[in-house]
Every structure is written in C-alpha cells, then in structure tokens.
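Student: Can you make the complete structure from the sequences, with help from the hints?
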Amino acid sequence: MKADAAQIARALDKPDPAVRLILLYGPDESGSRALAARIDKALGADAERIDLAPAQLKADPALLADEAASISLFGGARHIRVDPAADDLIEAVQALMEAPSGGNPVVLVAGNLRKDAKLVKLALGSPAALAFASYLPEGGQADRVAIDIAREQGLRLEPRAAQALVAATNADRGLMARELEKLALFLDASPEEPKPADAAALATIGAANDESDLSAIVDAVMGGQPERAAAELALIGATEAISVVRALLRRLAQIAPLRAEVAAGQSIDAVMASAGRGIFWKDQKVVAGLLTRWSPERIATATNRLAALERAYKRSGTAGMVLISEELLTIARAAAARR
Numbered sequence: 067m068k069a070d071a072a073q074i075a076r077a078l079d080k081p082d083p084a085v086r087l088i089l090l091y092g093p094d095e096s097g098s099r100a101l102a103a104r105i106d107k108a109l110g111a112d113a114e115r116i117d118l119a120p121a122q123l124k125a126d127p128a129l130l131a132d133e134a135a136s137i138s139l140f141g142g143a144r145h146i147r148v149d150p151a152a153d154d155l156i157e158a159v160q161a162l163m164e165a166p167s168g169g170n171p172v173v174l175v176a177g178n179l180r181k182d183a184k185l186v187k188l189a190l191g192s193p194a195a196l197a198f199a200s201y202l203p204e205g206g207q208a209d210r211v212a213i214d215i216a217r218e219q220g221l222r223l224e225p226r227a228a229q230a231l232v233a234a235t236n237a238d239r240g241l242m243a244r245e246l247e248k249l250a251l252f253l254d255a256s257p258e259e260p261k262p263a264d265a266a267a268l269a270t271i272g273a274a275n276d277e278s279d280l281s282a283i284v285d286a287v288m289g290g291q292p293e294r295a296a297a298e299l300a301l302i303g304a305t306e307a308i309s310v311v312r313a314l315l316r317r318l319a320q321i322a323p324l325r326a327e328v329a330a331g332q333s334i335d336a337v338m339a340s341a342g343r344g345i346f347w348k349d350q351k352v353v354a355g356l357l358t359r360w361s362p363e364r365i366a367t368a369t370n371r372l373a374a375l376e377r378a379y380k381r382s383g384t385a386g387m388v389l390i391s392e393e394l395l396t397i398a399r400a401a402a403a404r405r
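Residue numbering for the sequence shown follows this note's numbering, starting at 67 and increasing by one per position.
Be aware that a few hints might be false.
[Claimed, not checked] In silico SDA-like pairs for lysine to any residue, Cα to Cα no more than 20 Å straight-line:
(1) 351 / 326
(2) 187 / 342
(3) 184 / 127
(4) 68 / 181
(5) 68 / 178
(6) 348 / 187
[Claimed, not checked] Distance ranges between label pairs, derived from CB positions:
(7) 244 / 120: 22 to 28 Å
(8) 222 / 135: 44 to 50 Å
(9) 259 / 115: 28 to 34 Å
(10) 225 / 193: 42 to 48 Å
(11) 112 / 301: 21 to 27 Å
(12) 160 / 226: 37 to 43 Å
(13) 316 / 222: 29 to 35 Å
(14) 351 / 126: 29 to 35 Å
(15) 252 / 350: 22 to 28 Å
(16) 187 / 322: 17 to 23 Å
(17) 259 / 68: 41 to 47 Å
(18) 296 / 316: 17 to 23 Å
(19) 402 / 72: 46 to 52 Å
Bear in mind the hints are in silico, worked out from the structure with no lab data behind them. Where a beta carbon is used, it is the ideal one built from N, C-alpha and C, also for glycine.
Tutor: Pasting the structure below:
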C-alpha cells in the first residue's frame, strides 16, 4: 500500500505485525535512511537488527523470509534491514510476502526507483506492505529540515545559515547532518547546552564555502569542462577525494535510467517531465543538458572507470589525489568531445 508521511512515521514508530515489508525509496536517499532509523529507536537499543546484503539475498532468495520468521537469540524484538535494495531482489521479496508468516518487520532502503519498478509495484499492491517515496526538500521546507537537524545537535540555526547550508549540500539530509555535527563540535554545542549558529560560523567550518561544494566539480567533469574541473580539483584536499568520486557515481546513476528512455525514443523534455520531483529543481537544467551529452554506453564506461578508480584510490595512499585528478580530467575531456 502507498503510505503518506504520517502513515509511514506511525508504521516505523510503532511497527504493526500485519505489515511485513516497508519500502523506503525515492531520490532523497538520506531522507529514506533517516526514516529507517526511526524503527531502530522505536524498538530500542536491546532489539536485534539483522542487516542483509543484496548479494546474500540474490544468492539465497529464501533467506529474507527465513530471517523475518526467526526468533531473536536474545528473546527480544528483531527487525531486518536491506540497504541498498533494487529490483534484482524481487525474488527474495516475493518469497517474504508469500511465506506463511512474517514475524519480524523488514525495511528496504532503495534509491530512486521508477513507478513501474518491480519492488514498488509489489509493495503498492500488497496490504502487508507499505511504500513511501522520499523527495528532496525544496525552498522553505529544506530550510526547516536543516533547522530541525541542527536542533538535534544542540544548534539554533539562523535562517540565513540554514539557506546557505541547503545551497551548499543540495538539500541532502546526510550531508547537512555531517556538516552540522562538525559545527556542533566547533561551537561546543549539545542538546543540553544549545548554542546559536549563524552563517559566519558555518562558513568557518567550510559547510557553506564554495571550495567544499563538490557539485561544482561534478558539473565541470560531466559537462565537459576540463579547465574548470582542473581548477576546482586544485581547491580540494585528499580527504575529499572519495567524496568527489562518489558524487560523480551518484550523478551517473541518476542520469542512466533517464538516458535509457531517451535512447528508447522519448524526447528529453518528456523524460524530464516524467521525472518530476525525482530531480532536485536546481539540477533539472543541468540534468537535461547531460542527457544530450552522454550516451548510455558512455555512462556505463564512466561508471566502470570511476568504480575502478575508487578501488585504486583506497590502495594508493597519498597518491590518491593524483589518480583522481588524472582520471576525472580524462572523463571531462571525453565529455567535451561529445558536443
């Protein structure tokens, strides 16, 4: 069944034995994970949480149903988490829904699944499942999300600081939370001793500083601007290198299904209209341009190269930034040639 915000909150805060499966998906993956964390809090620190990897379920589709029906070793509450989830787990999820009994709630955290995705159709069509799509907050809603996250860290975030944080993180809840954790440490704030936080304090830790905005590097590389990419790369340190690669992989994963629709004959305007709120409003013009520049084959090649780059970086130590700079500039030059 489709759930609204209030229904999904109730289902996670007080799990109903009749609900076997909760599917959290949508473009706001950080929002989905924040929702999933509510069931952890609801069941308490003594509850047993079983994290299953997608590879485990693909190798043994019956495992999900078996774990859901199992009794906790400690005799208390038990719940199952699968993150990330995708359509290749449909066999395991079908086995769960067809099992004689469920027992323990299962939470799947997926990315931006399409409306016709197998997991979405199954969850929407079953009375024993709930599906909820998380979208990136926009405008005033995004500012309020930033202020709420800050309050949990013991920060009284001023409106201008909230706006700066949202702009610097593209409204990504996970990124906002990490920056606010750093800000709370910097200001020595806590829920017990809250402190005010303004835009100047935020800039001091780099959260609202353009030098730490990885979207500039992503746009330069994907947009075929090697000179701009080189300039942006020179502004970051080695500790941010992995974040750059992962940000690029997220962008490629975002445009891959959209570009496949274009390759199948749909116009870019139609594809963008269909995506709707699945794409953050600030990114819509950029994404539309990338659908013209990148082919499905090029997207697959870049994805494979970046995944290999991440593995190489982890092995390289101090040479990591050199590896990343060379590869990203190669990708930017290739993108420039596709005009």
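Student: With reference to the structure, classify each hint as holding or not holding.
Tutor: Results of checking the hints against the structure:
1. Restraint check for residue 351 and residue 326: the C-alpha separation of about 18 Å stays at or below 20 Å, so the hint holds.
2. Pair hint residue 187 plus residue 342 holds up; C-alpha atoms about 19 Å apart against a cutoff of 20 Å.
3. Annotation: proposed proximity of residue 184 to residue 127 holds, straight-line Cα distance about 15 Å (limit 20 Å).
4. Using a Cα cut-off of 20 Å, the hinted pair residue 68 and residue 181 holds, with the two alpha carbons roughly 12 Å apart.
5. A distance of roughly 16 Å separates the Cα atoms of residue 68 and residue 178; the hinted pair therefore holds under the 20 Å criterion.
6. Of the supplied pair hints, the one linking residue 348 and residue 187 is violated, its CA atoms being roughly 29 Å apart against a limit of 20 Å.
7. Checked against the given bound of 22 to 28 Å, the beta carbons of residue 244 and residue 120, roughly 25 Å apart, stay inside it.
8. Between residue 222 and residue 135 the C-beta distance comes to about 47 Å, which sits within the given range of 44 to 50 Å.
9. Separated by about 31 Å at the C-beta atoms, residue 259 and residue 115 satisfy the suggested range of 28 to 34 Å.
10. Our hint of 42 to 48 Å for residue 225 and residue 193 holds, since their Cβ atoms are close to 43 Å apart.
11. Take residue 112 and residue 301: their Cβ atoms lie about 46 Å apart, and the range 21 to 27 Å is violated.
12. In this structure the hint that residue 160 and residue 226 lie 37 to 43 Å apart at CB is violated, the actual value being about 50 Å.
13. Distance hint check for residue 316 and residue 222: the Cβ-Cβ separation is about 31 Å, which falls inside the suggested range of 29 to 35 Å.
14. Between residue 351 and residue 126 the beta carbon distance is about 44 Å. The supplied range of 29 to 35 Å is therefore violated.
15. For residue 252 and residue 350, the hinted distance range of 22 to 28 Å is not satisfied, since their beta carbons lie about 34 Å from each other.
16. For residue 187 and residue 322, the hinted distance range of 17 to 23 Å is satisfied, since their beta carbons lie about 20 Å from each other.
17. Between residue 259 and residue 68 the CB atoms are about 42 Å apart, so this pair conforms to the stated range of 41 to 47 Å.
18. Checked against the hint of 17 to 23 Å, the pair residue 296 and residue 316 passes, with Cβ atoms roughly 22 Å apart.
19. For the pair residue 402 and residue 72, the supplied restraint of 46 to 52 Å holds, since their beta-carbon distance comes to about 48 Å.
Hint violations for this structure: numbers 6, 11, 12, 14, 15, all remaining hints satisfied.
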